[in-house]
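Protein chains in written order, with the numbering used here: chain V, 1 to 366; chain E, 1 to 476.
Do not take every clue at face value.
[What the hints assert, rightly or not] Calculated cross-link-like contacts (lysine-lysine; reagent style DSS-like; alpha-carbon spacing at most 30 Å):
hint	chain 1	residue 1	chain 2	residue 2
1	V	Lys280	E	Lys441
2	V	Lys7	V	Lys199
3	V	Lys365	E	Lys441
4	V	Lys90	V	Lys2
5	V	Lys123	V	Lys309
6	V	Lys303	V	Lys280
7	V	Lys333	V	Lys309
8	V	Lys206	V	Lys7
9	V	Lys365	E	Lys312
I should point out that these hints are in silico values taken from the structure, not numbers from a laboratory.
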Amino acid sequence: MKFTVSKEIILDELQILQGIVEKRNTMPILANILLNVTENEVEITGTDLEVGMKTHFSANIEETGTVTVSGKKFFEIAKSLPDQQMVTFKENNDLMMQVTAGESEFKVLCLPKDDYPVVAEAKFEKKIIIPVKEFRSMIDRVFFAIAQEQRYYLNGALMVVKPKSLELVSTDGHRLSYVSKKIEQPDIPKEIRVIVAKKTLNEIRKYEEGDIEFDLDENNLFFRCGHRTLISRIIESKFPNFEAVIPKDNPHILMLSRDTFIAAVRRVALLSAERSKGVKFTLEKNRLRLFSSNPEIGEARDKIDVEYKGPVIEIGFNAQYFIDFLSVVETEKVRFELKDENSAALLRPEGEENLKSMYVLMPMKI
Amino acid sequence: MSNRPPFSSPSTRERRRRAAAPAFGPAEFDGTPAAARSSGARRLALQGISPSPDPAAAEAKVSGPSFRPRLRRFIVHVDIDAFFAAVEVLLNPALKGKPLIVGGLPHERGVASTCSYEARRYGVHSGMALRTAFKLCPQGVFVRGNYQVYQSFSEKFFDVLRRYTPDVEATSIDEAYLDFTRCRRLYASFPAVARDLKAQVERETGLSVSVGVAPNKILAKLATGRAKPAGYFEIEPGREEEFLRDVEIDRLPGIGPKTQVVMRMLNIKKIGDLWGMSESALHSIFGLGGDEIYLQSRGLDNRSLVTEADPKSVSRETTFLQDLWDSRLLLAHVAYLCDRLTLALREGRYYAHVIEVKVRYADFRTEVRRRLLVVPRREMTDVYRIAQELFLGLWGGSRLPLRLVGVKASDLTRVRPLSLFEPYSDRQERLGTAVDQVREKFGFGSVLTIREKMLDEVYPKDRDRGFVLKTASLTR
């Protein structure tokens with residue numbers, strides 16, 4: 001193979017592939033990327049077997065061919081070159097890639113293309129289109145609540161595509177974040193429910209402007225934005241029945257000013273226990289008291305004015321849960337609905353227009 | 001006043017910086033008063049104790065009255081003399097005055113865990129293979145020992161210590177550090193309290209103990225070494241250097257046989273001989289260990305005590321009387337250990353985020369399997385269910401019998417986040433509390449699961465402690 005392209009063009013693609021290629025070194029080939037040069041374009045593929053990405057760009061192509069090379073080394077080489085530099089990549093079926101840029105020359109060992117795992121071909125038929133910007137802010141609202149642990153089905157967010165809406169849901173077993181957006185997809189026969197891996201969502205967040213096109217087959221999800229396509233294996237398990245745990249009629253309602261509340265929670269959390277971040281809330285008429293203590297450091301108290309008319313309730317929460325959610329919503333007021341100190345509480349930004357969020361938090365016994 | 005000593009686990013470099021800084025916390029002995037007293041030592045203090053690049057600061061520190069007894073820590077190190085052997089003598093006075101070796105019979109595999117002072121005269125020491133001990137001391141009395149009994153003596157020992165101060169670090173079954181600094185308002189005189197403590201321990205346990213008193217752990221331990229056996233030694237303020245000078249080099253912890261060989265080649269026998277060596281010289285010879293030696297040889301140590309206030313983990317394990325293969329009996333052991341473990345968790349008001357099961361096969365291969373829990377647990381039913389799965393996952397299908405099982409709870413927390421997908425229930429907690437109450441009154445063995453009851457056939461049962469396993473809860 002032989003092609004020439006400017007540093008900037010290939011560097012962008014290599015950079016984005018850094019997030020995809022496997023870093024833990026379980027299978028050495030997964031640290032590689034696949035370069036496939038056809039007569040019209042150069043296609044680069046990276047995968048960790050769960051999430052793959054294919055991207056392509058046009059270049060001055062002299063000879064076609066396919067090899068795999070270390071994703072990290074190639075990225076580092078491209079990055080080290082001077083700006084605007086034209087770079088020539090050449091390999092003569094001897095598994096030695098020669099990279100020439102001005103006076104710089106590199107020879108990098110390649111592996112045969114047959115060793116590289118097959119990444120599914122994406123197909124786009126359903127025409128499900130989501131604007132990148134909105135999808136990104138939806139992901140932001142669920143991303144923090146995705147569990148990092150062994151319960152596999154939770155290691156991603158549930159995506160529900162209905163004819164008139166798109167929903168994302170995530171949970172770590174102690175809290176649940178839900179966001180939905182109205183869309184018009186009249187062509188969808190019935191609803192699609194799939195779990196999207198955390199890594200995939202993180203990669204989608206890196207997409208810049210434009211629209212995302214989504215489709216799926218039996219095993220994979222496809223997200224295309226411009227010349228880049230993510231191919232993500234479907235997480236084969238059942239997402240918990242989230243509708244059942246969203247409280248429907250919590251009787252005690254509290255209206256909070258988001259800024260005031262989050263600032264108070266942040267202050268009090270400074271002296272909460274390192275790991276659990278437990279903060280005790282005491283609800284009184286039009287007042288919310290916060291208290292935390294850590295036998296090793298000390299204690300903190302705060303109180304803020306709120307709109308509340310219900311009975312006195314004492315309830316413990318993980319302060320981080322509030323901080324995570326309230327940092328990504330934008331409304332001025334937040335509605336907080338409670339039942340008692342052992343039941344789930346619900347947070348809802350008041351007066352959201354485009355997106356509709358709900359956040360369910362379980363209390364903690366302090 | 002802070003509830004905890006100000007430093008938890010500073011790095012070596014950090015420790016050095018703090019130990020040398022003139023304005024350190026309410027804790028440190030920095031060696032300067034002694035240095036200020038003798039001009040010979042002054043040079044030493046300048047080049048060694050004070051790595052400060054600013055000579056003026058170092059000078060001011062050496063000549064000024066920087067050492068204030070009020071800020072001195074008061075650390076007591078207590079060590080039971082020849083613990084297991086002493087207990088055996090207490091139980092069988094006929095053994096008194098005889099060379100006694102506890103650990104096993106002469107022909108058995110294994111090592112001497114303790115030997116009496118009489119046996120030590122023959123060159124026998126703990127850790128020595130029983131066979132070797134027998135060769136050195138054929139007239140010695142060898143006994144297998146009874147850990148259950150030692151454990152109960154040990155508990156009594158620690159009970160007495162904890163009456164004096166809550167800041168007790170149990171370093172082993174028969175050895176502890178006490179920090180009286182926080183109790184300074186309670187006692188008129190620390191040395192008097194330390195002497196009283198020694199007398200009280202001896203009165204209540206019938207065992208003789210050695211006590212070392214100093215401003216930090218390393219010096220206290222070295223002082224105990226001087227006090228042994230059955231003595232009391234206090235390193236008085238300002239006499240640290242005088243004390244250290246003549247201490248044998250191998251008394252320093254961390255100086256093993258290999259280091260000793262090198263020391264001998266360098267003609268270093270006493271701690272005082274080390275003072276001529278610069279920090280970098282020690283570092284280049286002994287690496288990181290050299291940094292440690294440098295600090296220790298100057299009596300610098302501001303490690304705080306590791307008290308039981310916040311354990312990292314709780315574990316219970318046991319070896320079997322003979323290797324086991326019967327899965328029902330093995331699970332009975334797992335259940336019993338879980339029961340003891342969850343009791344300890346409830347006592348400490350802890351929930352565990354991680355449950356771990358350990359098995360050791362007949363060929364001594366050890367395997368561990370752990371599970372991370374989304375909702376932390378501490379009740380018997382939950383912990384046993386997890387431990388059982390882990391155990392069967394580990395051992396299931398194995399062709400080898402086992403010689404040990406253990407369960408461990410770690411990543412402990414005092415709060416319990418509730419789960420979204422499990423309905424809230426405090427049934428398990430209430431059950432645990434109820435069982436604890438019954439046991440409080442009628443003994444641990446009064447409530448057991450059917451699975452645990454299988455151990456009836458194997459082990460004797462003690463009213464208060466439940467089954468008397470081979471090595472019951474030797475791990476603290």
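Here is what the structure says about each hint:
no.	hint	verdict
1	V:Lys280 x E:Lys441	35 Å, violated
2	V:Lys7 x V:Lys199	27 Å, holds
3	V:Lys365 x E:Lys441	28 Å, holds
4	V:Lys90 x V:Lys2	4 Å, holds
5	V:Lys123 x V:Lys309	55 Å, violated
6	V:Lys303 x V:Lys280	12 Å, holds
7	V:Lys333 x V:Lys309	17 Å, holds
8	V:Lys206 x V:Lys7	20 Å, holds
9	V:Lys365 x E:Lys312	21 Å, holds
Checked against the numbered hints listed earlier, the structure breaks hints 1, 5; every other hint is satisfied.
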